[in-house]
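Hey, can you work out the whole structure from these sequences and the hints?
Chains A and B, in that order, give the protein sequences. Start counting the first sequence at 3; every next residue gets the next number (my numbering). Start counting the second sequence at 40; every next residue gets the next number (my numbering).
Think of the hints as simulated: they come from the structure by calculation, not from any bench. There may be inaccurate statements among the hints.
[Said to hold, decoys possible] No more than 25 Å apart at the CA atoms, straight line, and that leaves these computed lysine-lysine pairs for DSS-like:
1. K189/A - K138/B
2. K210/A - K189/A
3. K134/B - K210/A
4. K138/B - K210/A
5. K76/B - K130/A
The structure displayed is predicted, hence computed values, not measured ones.
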Amino acid sequence: MSVAERVRAYRDSDFAIIARRTLRNLLSERITRFAFGVLLVVLILGVVGPMIAPYPYNEQQTTASGELMRYEPPSLEHPLGTNDRGEDVLSRLLIGARTTLITGLLAGGLMMTVGLSVGMTAGYVGGKTESLLMRLVDFMYGIPFIPFAIVLITFFGAGFYTTIAILGLVLWRFIARVIRSQVLQIKQRPYIMAARASGASTPWIMRKHILPNIANMAGLFFAMGVGLAILEQAGLSFIGVTDPFTPTWGIMIRNANQAGRVADAWWWSFPPGIMIALTVLSLYLLGRGYEGGGDDEVVV
Amino acid sequence: MSDGAPVLELRSLEKHFDTTSGITETIRNRLVGEGPKLVRAVDDLNLTLAENQVQGVIGESGCGKTTLLRTIIGLYDPTGGEMRFHGRPTSEFTKDEWKEFRRHVQIVFQDPFNSLDPKFSVRRTLAEPLEIHGIDYDRTDIEEMLESVGLTPASQYIQQFPNQLSGGEKQRVAIARALITEPDVILADEPASMLDVSTQAEILNLLNELTDEFGVSMVYISHDLSTVSYICDHINVMYLGRIVEKAPTRALLADPKHPYTQALIRSIPIPDPHYDREQATIGGEPGDPIDMPEGCRFKNRCPERMDVCDETPLDVAPDGDGDREVACHLYYDHEERAGAEPKPAASDGGERP
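As C-alpha cells, this is what we get:
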C-alpha cells in the first residue's frame with residue numbers, strides 16, 4: 003500500500019470522520035474557539051517557551067555598573083521587569099509554561115488512566131467488584147486533599163514529579179464516578195446487546211463500543227482534570243510544599259507573596275496569575291464545548 | 040442440517056428470576072423456611088421452529104416475550120428445560136459452539152434508534168459480526184447486503200452514520216447486520232413497532248422476502264396481532280410465561296379457541312368509525328408473574344371460568360386438528376362439561392369470593 007493510499011484509507015476511516023466531526027462541532031461555537039486558541043498558545047509556549055526566553059531563568063540581571071537589578075519595572079530590555087533576586091520575569095514565565103503544562107498533562111493523564119480503569123471496570127462488571135471499587139472511590143472522596151498532600155510530601159520529599167504523582171493518584175475520584183455512570187447507561191443500550199448476541203467478547207465490547215461512546219465525556223473530564231491539576235499544583239506551590247526550584251507559575255506567585263510585593267511589583271505577580279486563570283478557564287470552557295459537540299449523535 | 044431435526048426446539052423451557060434482594064431477605068426466607076420469590080417470566084414453554092418457518096409469538100406486555108427472546112439468544116441461562124439447536128442441546132455447548140451458535144442465530148431489535156452504535160458507520164456496523172467470527176469480507180459483500188435490504192445505491196449509505204439515517208433505514212441496516220453472517224434463525228423483537236405505519240409495511244415485506252430469499256427461519260415476537268398475522272406461518276399466543284394456544288395463522292384468526300386469543304382478536308382495531316363491534320371482553324390486569332394463580336393462569340380474567348380451571352390445563356388438540364394446540368379446559372372432556380358452547384351466559388362456579 004502506498005503512502006497516499008494509506009492516508010486516504012485513514013481519512014475515510016470511521017475514527018477520522020468522527021474526529022473531524024467532533025472538531026468541527028467544537029469549533030462552531032465562538033467561546034470554544036477562543037478557549038481552543040488560548041490553549042494552543044499555551045501549548046506552543048510550553049513547547050518553544052524555554053527556547054525563546056530572552057535570559058536564563060535563574061540568571062541574576064545586573065546593570066552595566068554591576069549593580070543587581072531588583073524590582074525593575076517593565077522596560078524594553080525586560081518586558082515584564084525583574085523580581086526580588088533580579089531575575090527576568092518573562093523568562094521565568096516562559097519556562098514556567100512548560101513545567102505547568104507538564105504538571106497538567108501528566109497529572110491529568112494519570113487521573114484519566116486510573117479514573118477510566120476504575121470507572122469502566124465498576125460500571126461494566128458490576129456486582130461485588132463494583133461495590134468494592136466504588137467504596138474505594140468514596141474513601142478517596144473522604145481525603146482532604148491539601149493536608150493529605152502535605153503529609154505525603156513530608157514523607158517523600160518535595161519533588162516536582164512527587165507532586166504530580168500525588169495530584170494524579172488522589173484527584174481521579176471524580177472521573178471514576180462519572181465514567182461509571184456513563185458506562186452503566188451505555189451498557190444497557192440495545193447495540194451492546196446486539197454485539198453480545200453476535201458473539202462479541204467483553205474486551206471487544208469495552209474497546210469498540212463503550213470506549214468510543216464515552217470518549218466525549220472522557221475528553222471533557224480529561225480537560226477538567228488538567229485544569230484541576232494545574233490549579234491544585236498552584237495551590238500547593240503557594241503554601242510552599244512543592245519543589246521551590248522548579249519555576250512553575252504557582253511558585254512565581256508564592257515568591258512574590260513571600261517577598262511581600264504582590265501589589266507593588268505587579269509585573270511579577272500578575273502575569274503568572276493571569277496565565278493560570280486563563281489556562282484553567284479555557285480548559286473548562288473547552289470541556290463544555292466538547293460536551294455539546296457530541297450531543298447531536300444522541301439526538302435523532 | 041438435513042437430518043430432519045428442527046432448527047430450534049424449546050422443550051419446557053423455563054426462566055425464573057429470583058426477586059430476593061439483599062442478604063437479610065435471604066436469611067429471613069431461610070428461617071421462615073419458604074423458598075425465594077420467583078418471577079416465572081418463562082415457564083414450561085414449548086416451541087418448535089422448522090426450517091424456513093416463521094413462528095410468531097404474541098402476548099401482552101409483561102408476558103415474558105422479551106425474556107424468551109433473550110433466553111433463546113443465550114443472554115440468559117434457562118433455569119429449566121432444554122433448548123435444542125439442530126437437535127443438539129445448548130446446555131452441552133462448548134465455548135466455541137456457543138460462538139458458532141451466535142453466528143447462526145441473529146437478532147433484530149425493536150428500537151432501531153438505539154440498536155445501532157452511533158459511533159459506527161454503516162460499513163463498520165455490518166462488518167462487525169464478520170470480524171467477530173473471523174469471516175473474510177470486502178466492501179462489495181457489504182454493498183451487496185445493503186442492496187438486498189433495499190438501501191440503494193449502497194455506495195451512498197455505506198459511509199453514513201446512524202444519525203444520518205431515518206428510522207426505516209436504520210431498521211434496514213439492523214436487518215442487514217442480522218443477515219450478513221448467513222444465519223439459520225433470526226429473532227425479531229417487534230422490529231416494526233417503532234416505525235411509521237407506511238414504513239412498517241415496507242419493513243414487514245422486506246422481512247418476508249428476505250426470509251424466503253436467504254432461507255432463514257424466524258421467530259417473530261410482537262404484541263400486535265395484525266403484524267404477526269401478516270408475516271407468520273404459525274402463531275403462538277403467550278400468556279404469563281406460557282403458550283396458551285398455537286395454530287397456523289389462518290386457523291387461529293378464523294377460529295380462535297382460547298378465550299384469551301378470542302379477546303385478542305376482538306381487540307384488533309378496525310379503521311372504520313361506523314363499524315359496530317363487540318367490545319373486548321377481558322377486563323382486569325394481566326396477572327402478577329410472582330404470585331401466579333394455581334391452575335390456569337388466565338382464570339381470573341376469563342369469561343368462561345369453571346371450577347376445573349384451578350387445575351393446570353393440558354395442551355390439547357381441539358376438534359382433533361393435529362396442527363394446533365390449545366391449553367384450555369373448554370376443549371377436552373370433563374364430567375361437568377364437554378366441548379364448548381359458543382357464548383355461555385355466565386361462567387359457572389367462578390363467583391367464589
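Which hint numbers does the structure go against, in order from smallest to largest?
none
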